[in-house]
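A.B. asks: Listed below, chain by chain, are the residues.
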Amino acid sequence: MTAQNPVQDAFEIWKKALEDGTQAWVRALGQTATPQPPPGAPDFSQFWRPILGQGMEIWQKAAAQGGVSPEFAQQWKAFLDQWIEVWSKALGQAMATEGFAQALGRYLDQSLTAQAPLRKGMEQYTDQALRTLGLPSRAQVVGLASQLVALEERIEGLEDRLDEIRRLLGQTTRATDRPGETGERRAPGGRRASRSPGGPAARPTTPSQEAR
Amino acid sequence: MPETRDAAEAVRSLAAEWTRTLTRAAHALELAAAPEPAIGLTPKQVVYRRNKARLYRYESPRTRAVPVLFVPNLGISRPSIFDLQPGSSFVEHMCRSGFDFFLLDWGVYGEEDNGLTVDECVTRLLPRVVRKVLETSGADELAVIGYCMGAPLSVSFVAQHPEVPVRAYVNMAGPIDFAQAGLFALWLDKRFYDVDRVVDTVGAIPADWVKVGFKLLRPTMDVTTALNLWWNLDNPRYVRGYQALSRWANDYVPFPAEFFRQWVKEFYQENRLVQGTLRLGGQPVDLRRVRCPLLVVGAKEDYIAPPGCVRALIDHAGSTDKSYVELPGGHISLIAGRSASVHCWPRVSDWLAARLR
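Quick mapping for you: the protein sequence lines, in order, are chains A and H.
Residue numbers for the first sequence, in this note's numbering: 1 to 212.
Residue numbers for the second sequence, in this note's numbering: 1001 to 1357.
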């Protein structure tokens, strides 16, 4: 501790108290609090220690430069902001590793493995209960809604075709009235201004779309 | 006596801080009891609807003949962020600038829409939306703004339809080169993320999962937001903005199953858009066929669509009039909030105005 900067001293004490507290938690959780843990045993305090250290450094540097002004609230805010920024950076670095992505994938995989039978069981149970009550099952309601969506799509497809036929008829009529005019409009820049982007004439269709 | 002066200054400062703290506490109580603020207030009409999707046309002086179609993301969140509150709304800004402004709201999809794909959105829905914009406005041309996922979707449509008279295109924070898509690109890598298994097990991706994914991207964001709220609780304008933003931010939207499968597989895992291997509706998507004037806007601190992945459109599009700007802020603050109204909105509206004369 230095006699010149009481703020620095105070934070050294605070930092030590935090470290001691964490060691106590680690001990309570059944982890060894020795500086060198046996191989394989995770030392949770190792993760936050550099981050806490960095936060302390930031604060101590700020305190050493200007001391503590009466605007302590502003200083406290700046300290918190910087500390969060340090945390954010540290977490960002940890999450940008393949190890993290792999762990995340594994967690998701386990969760899906656990969820799949549970979900299936719930669905079966609910369906059975609804059938007993004479009510439509979830799958039946979803199926009905899907049919409505498909129906809407088909009606719209028909509207598209009608629009296209109307457009072609209009073109033919105009061409008959005034030979030489194609009926196409030209947009500034010389491109054709299509009134039916993606309409039946312009839109490519896949076999599955045609089957609809 | 310097010590006395310092002590007096400290007492004054302490008193001021104490008053501020009391005001904050009072506002915190008010905030807890306050009803949800209304958002999305710019007057609009539904000019087209299909299934859950709606096409809105906003009231505006319409001093410019060429309409602007805004295509946002599908799923994740609601488009109310673009029209948050009077005075802090991108839609309002565009309308005041005289644009005939249309916004496509993809809607909130349910289980019955699990068969919806990226293909269908680009080759069946977007063409109709564009046609409706032209029909409703009576214009021969239109401009398109794609935001976030709306950019790769709408730019794919533009690339597939060079006959559609798109006078200008703006990509705002829309990912194009998914190899540079940051943490999401890593987490969704096919070595670690089996999208088939996910979709086959859960079907539609629940809103809660979407929420967790985005929160994980910035784990300290909630703490920062809470702290910022505390420091600004004595500022009524900030509190109003916070209320509106938090109403939007807590409203996550699920992904339709097949859409998510195709999105993750073909865009994130195989990066087909920039590799020129993307096919939608059986036709290739060739970004070189995008030849209209192009503006690409990236955000410096965008973790969802980092600047490099957005900027890639400049390198791949065939346009000759193309420019890239990188503005301060993140994915959302690029388009919503006070900073956006200063840095982003005027850039976009001025650029469009110069090209839609």
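Don't read these hints as lab results, they were simulated from the structure.
This one's a predicted model, so the numbers in the text were calculated from it and none came from an experiment.
Heads up, some of the hints might be wrong.
[Said to hold, decoys possible] If you anchor each label on the Cβ, the simulated ranges turn out as follows:
{"id": "1", "chain 1": "A", "residue 1": "W76", "chain 2": "H", "residue 2": "A1028", "range": "32 to 42 Å"}
{"id": "2", "chain 1": "A", "residue 1": "I165", "chain 2": "H", "residue 2": "A1034", "range": "50 to 60 Å"}
{"id": "3", "chain 1": "H", "residue 1": "M1221", "chain 2": "A", "residue 2": "S111", "range": "37 to 47 Å"}
{"id": "4", "chain 1": "A", "residue 1": "P117", "chain 2": "H", "residue 2": "T1019", "range": "58 to 68 Å"}
{"id": "5", "chain 1": "H", "residue 1": "E1036", "chain 2": "A", "residue 2": "I165", "range": "31 to 41 Å"}
{"id": "6", "chain 1": "H", "residue 1": "E1030", "chain 2": "A", "residue 2": "W76", "range": "18 to 28 Å"}
{"id": "7", "chain 1": "H", "residue 1": "P1162", "chain 2": "A", "residue 2": "R178", "range": "43 to 53 Å"}
{"id": "8", "chain 1": "A", "residue 1": "L130", "chain 2": "H", "residue 2": "P1162", "range": "48 to 58 Å"}
{"id": "9", "chain 1": "H", "residue 1": "E1270", "chain 2": "A", "residue 2": "D177", "range": "48 to 58 Å"}
Don't be surprised by glycine CBs; every beta carbon is placed ideally from N, CA and C.
A.B. asks: Compare the structure with each hint and give your call.
C.D. replies: To see whether the hints hold, each was checked on the structure:
At roughly 18 Å, the beta-carbon separation of W76 of chain A and A1028 of chain H lies outside the given 32 to 42 Å, and the hint is violated. A C-beta distance of roughly 56 Å is found between I165 of chain A and A1034 of chain H, which places it inside the suggested range of 50 to 60 Å. One distance hint, 37 to 47 Å for the beta-carbon pair M1221 of chain H and S111 of chain A, is violated here, with the actual separation near 23 Å. The beta-carbon spacing between P117 of chain A and T1019 of chain H, approximately 59 Å, falls within the hinted interval of 58 to 68 Å.
Judged by the Cβ atoms, the range 31 to 41 Å given for E1036 of chain H and I165 of chain A is violated: they are separated by roughly 48 Å. Hint check: E1030 of chain H to W76 of chain A, Cβ distance near 24 Å, so the stated range 18 to 28 Å holds. For P1162 of chain H paired with R178 of chain A, a C-beta distance near 28 Å fails the hint of 43 to 53 Å. Between L130 of chain A and P1162 of chain H the Cβ separation comes to about 52 Å, which falls inside the hinted range of 48 to 58 Å.
Separated by about 52 Å at the C-beta atoms, E1270 of chain H and D177 of chain A satisfy the suggested range of 48 to 58 Å.
The structure does not agree with the numbered hints 1, 3, 5 and 7 stated previously, though it agrees with the rest.
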